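The residues making up each chain are set out below.
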Amino acid sequence: MDELAIIKRVTSGDDEAYGVLIETYQRGLIRYCYVITKDIDMAEDIAQEAFISAYEQLNKYDPKYKFSTWLYKIAHNKALKSLRKPPALPLEEDFEIPFEDQTQEKLDVEVRESTVRDAVASLPSHYQMAVNLHYWESKDYLEIAEIMNVPATTIKTWLYRARQQVKENCHELAR
Amino acid sequence: MNSLDNMITRSTPQLPREASLVSSVMAKIRQRQLKRAKIVNRSLLVCLVLSMLVLVGALVKGSTGRIASLAVHKISSISAHPGLYSEALLESLPWTAIATVAGIALLARIMHRHRLAFTRHATAAMAVSAGAFLITATATAATITTTTDQPGPAQQQLERVVNGLGKHQVIVNGHTYEFDASLSDTQVRAQLEGAELRLLDLELDTARGSADGGTLTCLCQVSAITADSITFESYGWKPGDQTSFDPNRLSLTSKTIYLKGAAKVTRLDLIVGDLVSVAPAKDLKTAAYVAKHDLPFEAYFYSGGFTSVPSARRSDGKCYNNEADQCPVLPAIRELFNSAQFNILPQDAQIREVFGQIVSIDAKNVSLKSSSGAIWTFAVGDSVSAINEAGYATNDRSVQNHDFQVNKGDYLRIEFWQYNIDLGKREVPRDRDYGGTNIRAVQVALQQPWFQGQAPIKYQPLKAGE
Chain A
0 MDELAIIKRV TSGDDEAYGV LIETYQRGLI RYCYVITKDI DMAEDIAQEA
50 FISAYEQLNK YDPKYKFSTW LYKIAHNKAL KSLRKPPALP LEEDFEIPFE
100 DQTQEKLDVE VRESTVRDAV ASLPSHYQMA VNLHYWESKD YLEIAEIMNV
150 PATTIKTWLY RARQQVKENC HELAR
Chain B
0 MNSLDNMITR STPQLPREAS LVSSVMAKIR QRQLKRAKIV NRSLLVCLVL
50 SMLVLVGALV KGSTGRIASL AVHKISSISA HPGLYSEALL ESLPWTAIAT
100 VAGIALLARI MHRHRLAFTR HATAAMAVSA GAFLITATAT AATITTTTDQ
150 PGPAQQQLER VVNGLGKHQV IVNGHTYEFD ASLSDTQVRA QLEGAELRLL
200 DLELDTARGS ADGGTLTCLC QVSAITADSI TFESYGWKPG DQTSFDPNRL
250 SLTSKTIYLK GAAKVTRLDL IVGDLVSVAP AKDLKTAAYV AKHDLPFEAY
300 FYSGGFTSVP SARRSDGKCY NNEADQCPVL PAIRELFNSA QFNILPQDAQ
350 IREVFGQIVS IDAKNVSLKS SSGAIWTFAV GDSVSAINEA GYATNDRSVQ
400 NHDFQVNKGD YLRIEFWQYN IDLGKREVPR DRDYGGTNIR AVQVALQQPW
450 FQGQAPIKYQ PLKAGE
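Same order as they appear, the protein sequences are chains A and B.
The numbering of the first sequence is numbering that gives the first Met the number 0, which starts it at 0 and goes up by one.
The numbering of the second sequence is numbering that gives the first Met the number 0, which starts it at 0 and goes up by one.
If you're looking for bench data, these hints aren't it; they were derived computationally from the structure.
None of the values given here were measured: they were computed from a predicted structure.
Heads up, some of the hints might be wrong.
For lysine-lysine, the following DSS-like pairs were computed, each having C-alpha atoms within a straight-line distance of at most 30 Å [said to hold, decoys possible]:
#1 LYS27/B x LYS84/A
#2 LYS34/B x LYS77/A
#3 LYS7/A x LYS60/B
#4 LYS73/B x LYS77/A
#5 LYS73/B x LYS60/B
#6 LYS72/A x LYS59/A
#7 LYS77/A x LYS27/B
#8 LYS166/A x LYS37/A
#9 LYS73/B x LYS59/A
#10 LYS84/A x LYS34/B
#11 LYS37/A x LYS65/A
#12 LYS155/A x LYS63/A
#13 LYS37/B x LYS27/B
#14 LYS59/A x LYS80/A
#15 LYS72/A x LYS37/A
#16 LYS59/A x LYS84/A
#17 LYS84/A x LYS37/A
#18 LYS72/A x LYS84/A
#19 LYS155/A x LYS37/A
#20 LYS7/A x LYS368/B
#21 LYS59/A x LYS155/A
#22 LYS63/A x LYS166/A
#23 LYS155/A x LYS166/A
#24 LYS27/B x LYS72/A
#25 LYS155/A x LYS77/A
#26 LYS63/A x LYS27/B
#27 LYS60/B x LYS37/A
#28 LYS80/A x LYS34/B
#29 LYS72/A x LYS34/B
#30 LYS80/A x LYS63/A
#31 LYS84/A x LYS166/A
#32 LYS65/A x LYS60/B
#33 LYS27/B x LYS80/A
#34 LYS59/A x LYS34/B
#35 LYS7/A x LYS34/B
#36 LYS59/A x LYS7/A
#37 LYS63/A x LYS7/A
#38 LYS59/A x LYS27/B
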């Protein structure tokens, strides 16, 4: 269904329609928040708050932007705000690394992807956010600029430098 | 470069777990909405209770209860005037408070029906609550300011009707005119003027010729109006004396009729409690002329058949009250008779009087300030010198048994009684025949002048020796 039509239904009182939007964007939004916070619990909480805020301010939504851009912007602000707060005491959890029987080829691919992920993870946080939005959430420069509240040219520069650094990091990691 | 881009794209980080936020987000939204709806509902309930209290207060303070109770106590009168009663009841209701209660109740209903939509935003819920309180506070202030126990025009008219007073019944020339109380002043006036104008000439003639031997009751108060008669209670000469007149000969006109001789007729609006001057016809039972006086009175007239009052001049030509054989000069009387105010009196009036407060007094003169502010100066001593048994100061030596004692600040009524003087010529003899001219002064025992907006206090003459 057309996104605008769904929003119209929600604003006219059909709350259930909002579930469709949550369904559509929750995964990417949690991932984006996770990239920023590095904490899955916090990322889910922030994504949830972002959805609630978006719902409550839906009458202020400007259809000239994509709904996802507006939603990510809300989440972006909330995530940055939450990082400024003192971190909650971590719960002691035992994480088990799942063991899977994998072929060599598959293992090679995973090693490469893992190397790239690590290279991205070692980037400064604003580069990471830009990379996340561009490569993983398929946002263009203008959308990323709107979400992160910086000029599009800056985003372009950040992504260029991020690529360079990822390349260098990958070489280093490969050595 | 493209391969790097592809590699980065493919290396999308895996989340430690996959969770659906749909149910948790929707539950949280619903929870917040219900919480806000609760706040709004409570605010509206408080506003509703407050406005109900204001409504009850306004009903108690205002005149609604009084008007409503008339339906129980005066049901026969009310049933004859349902329109007027409805109008008075509507007039007495505290509309501001009623509108507030209705408005808040309506708002509460709308809010209840659309509570989730209204409470989607925290600010909207707070704004609705604050708005309801603001409306209630404003309406309360408006109700307190506007609610009064002073009856409006319809309520006054209703109370006059149910109490048997007022303008709803008029008798002219033997005919009883029943007016619907809902008629406008103009309509009533139009109906009356025709009848009154036809009678005017005749009545004026009758009034002019009615004084011979008649009892002219000057200042009266209307004490009852029925279909058969109008009863006036004397206010001046004989306290408590009641005279009923046959309404067949009664017309009610304004005192301006005599002022310039022009037939200026005002609509009849005599009610119980009005102060009037009445000039009866020769038969002493029919009133030819009733002039309603607006307070305050300035000077008015009446006579009482004092044919037995002796002449002030002795048979030897000397004045009774003057040993020097020099009759008192009465400049004040001449002044009064020549004044413009005197012209309001009909030519056949025999006694005038002035009511006022003594503002100065000395051995020879006493000055009264009348209700209009005019100063009337009279000679004391010779002309106003004693109090007779009936409580009148007189220059009649035969009854000059008591000192006439007045003080500055006292209220005094001075009567001028003309006997055998042709007032039609507007002349008072100066150096001849003072025998028929008499001044009688009556000290009025009043604490306050009745003409200063107070309810009229019945005149009580002093007893001899008091």
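How the hints compare with the structure:
Restraint check for LYS27/B and LYS84/A: satisfied, since their Cα atoms lie roughly 23 Å apart, inside the 30 Å limit. Between the alpha carbons of LYS34/B and LYS77/A the distance comes to roughly 23 Å, so the proposed pair stays at or under 30 Å and holds. With a C-alpha separation of about 52 Å, the suggested pairing of LYS7/A with LYS60/B is violated against the 30 Å cut-off. Taking the CA atoms of LYS73/B and LYS77/A, the gap is about 75 Å. The hint is violated against a cut of 30 Å.
In summary, the hint linking LYS73/B to LYS60/B is supported, as the alpha carbons are separated by about 22 Å, within the 30 Å threshold. Of the supplied pair hints, the one linking LYS72/A and LYS59/A holds, its CA atoms being roughly 14 Å apart against a limit of 30 Å. Taking the CA atoms of LYS77/A and LYS27/B, the gap is about 17 Å. The hint holds against a cut of 30 Å. This hinted pair checks out: LYS166/A and LYS37/A have alpha carbons roughly 22 Å apart, not beyond 30 Å.
Taking the CA atoms of LYS73/B and LYS59/A, the gap is about 64 Å. The hint is violated against a cut of 30 Å. Annotation: proposed proximity of LYS84/A to LYS34/B holds, straight-line Cα distance about 27 Å (limit 30 Å). Distance check on the hinted pair: LYS37/A and LYS65/A sit about 26 Å apart at the alpha-carbon level, within 30 Å; holds. The straight-line distance between the Cα atoms of LYS155/A and LYS63/A is roughly 22 Å, inside the 30 Å bound, and the hint therefore holds.
A hinted pair counts as satisfied when its Cα atoms are at most 30 Å apart, and LYS37/B with LYS27/B qualifies at roughly 15 Å. Pair hint LYS59/A plus LYS80/A holds up; C-alpha atoms about 21 Å apart against a cutoff of 30 Å. The straight-line distance between the Cα atoms of LYS72/A and LYS37/A is roughly 18 Å, inside the 30 Å bound, and the hint therefore holds. Our distance criterion of 30 Å between C-alpha atoms is met by LYS59/A and LYS84/A, whose separation comes to about 27 Å.
For the hint pairing LYS84/A with LYS37/A, the CA-to-CA distance comes to about 14 Å; that is within 30 Å, so the pair holds. Restraint check: the Cα-Cα separation between LYS72/A and LYS84/A comes to about 19 Å, which is no more than 30 Å; the hinted pair holds. Restraint check for LYS155/A and LYS37/A: the C-alpha separation of about 24 Å stays at or below 30 Å, so the hint holds. Of the supplied pair hints, the one linking LYS7/A and LYS368/B is violated, its CA atoms being roughly 86 Å apart against a limit of 30 Å.
Only pairs whose Cα atoms come within 30 Å are accepted, and LYS59/A paired with LYS155/A is accepted, the gap being roughly 29 Å. In summary, the hint linking LYS63/A to LYS166/A is not supported, as the alpha carbons are separated by about 36 Å, beyond the 30 Å threshold. Simply put, LYS155/A and LYS166/A have alpha-carbon atoms about 17 Å apart, close enough for the 30 Å limit, and the pair holds. For the hint linking LYS27/B to LYS72/A, the alpha-carbon distance of about 21 Å falls within 30 Å, and the restraint holds.
A threshold of 30 Å between alpha carbons decides the hint, and for LYS155/A with LYS77/A the separation of about 24 Å falls inside it, so the pair holds. A threshold of 30 Å between alpha carbons decides the hint, and for LYS63/A with LYS27/B the separation of about 28 Å falls inside it, so the pair holds. Between LYS60/B and LYS37/A the CA atoms are separated by roughly 70 Å; this puts the pair beyond 30 Å, and the hint is violated. A C-alpha spacing of about 26 Å is found between LYS80/A and LYS34/B, which places the hinted pair at or below 30 Å, so the restraint holds.
Restraint check for LYS72/A and LYS34/B: satisfied, since their Cα atoms lie roughly 27 Å apart, inside the 30 Å limit. Between LYS80/A and LYS63/A the CA atoms are separated by roughly 26 Å; this keeps the pair inside 30 Å, and the hint holds. Between LYS84/A and LYS166/A the alpha-carbon distance is near 33 Å, which puts this suggested pair outside the 30 Å criterion. Our distance criterion of 30 Å between C-alpha atoms is broken by LYS65/A and LYS60/B, whose separation comes to about 62 Å.
In summary, the hint linking LYS27/B to LYS80/A is supported, as the alpha carbons are separated by about 21 Å, within the 30 Å threshold. Distance hint between LYS59/A and LYS34/B is fulfilled; the C-alpha atoms sit about 22 Å from each other, no more than 30 Å. Note on LYS7/A and LYS34/B: the hinted pairing holds, with a Cα-Cα distance of about 24 Å set against a maximum of 30 Å. The hinted pair formed by LYS59/A and LYS7/A meets the criterion: a straight-line CA distance of about 12 Å does not exceed 30 Å.
With a C-alpha separation of about 14 Å, the suggested pairing of LYS63/A with LYS7/A holds against the 30 Å cut-off. Of the supplied pair hints, the one linking LYS59/A and LYS27/B holds, its CA atoms being roughly 20 Å apart against a limit of 30 Å.
Hint check: violations occur at hints 3, 4, 9, 20, 22, 27, 31 and 32; the rest are consistent with the structure.
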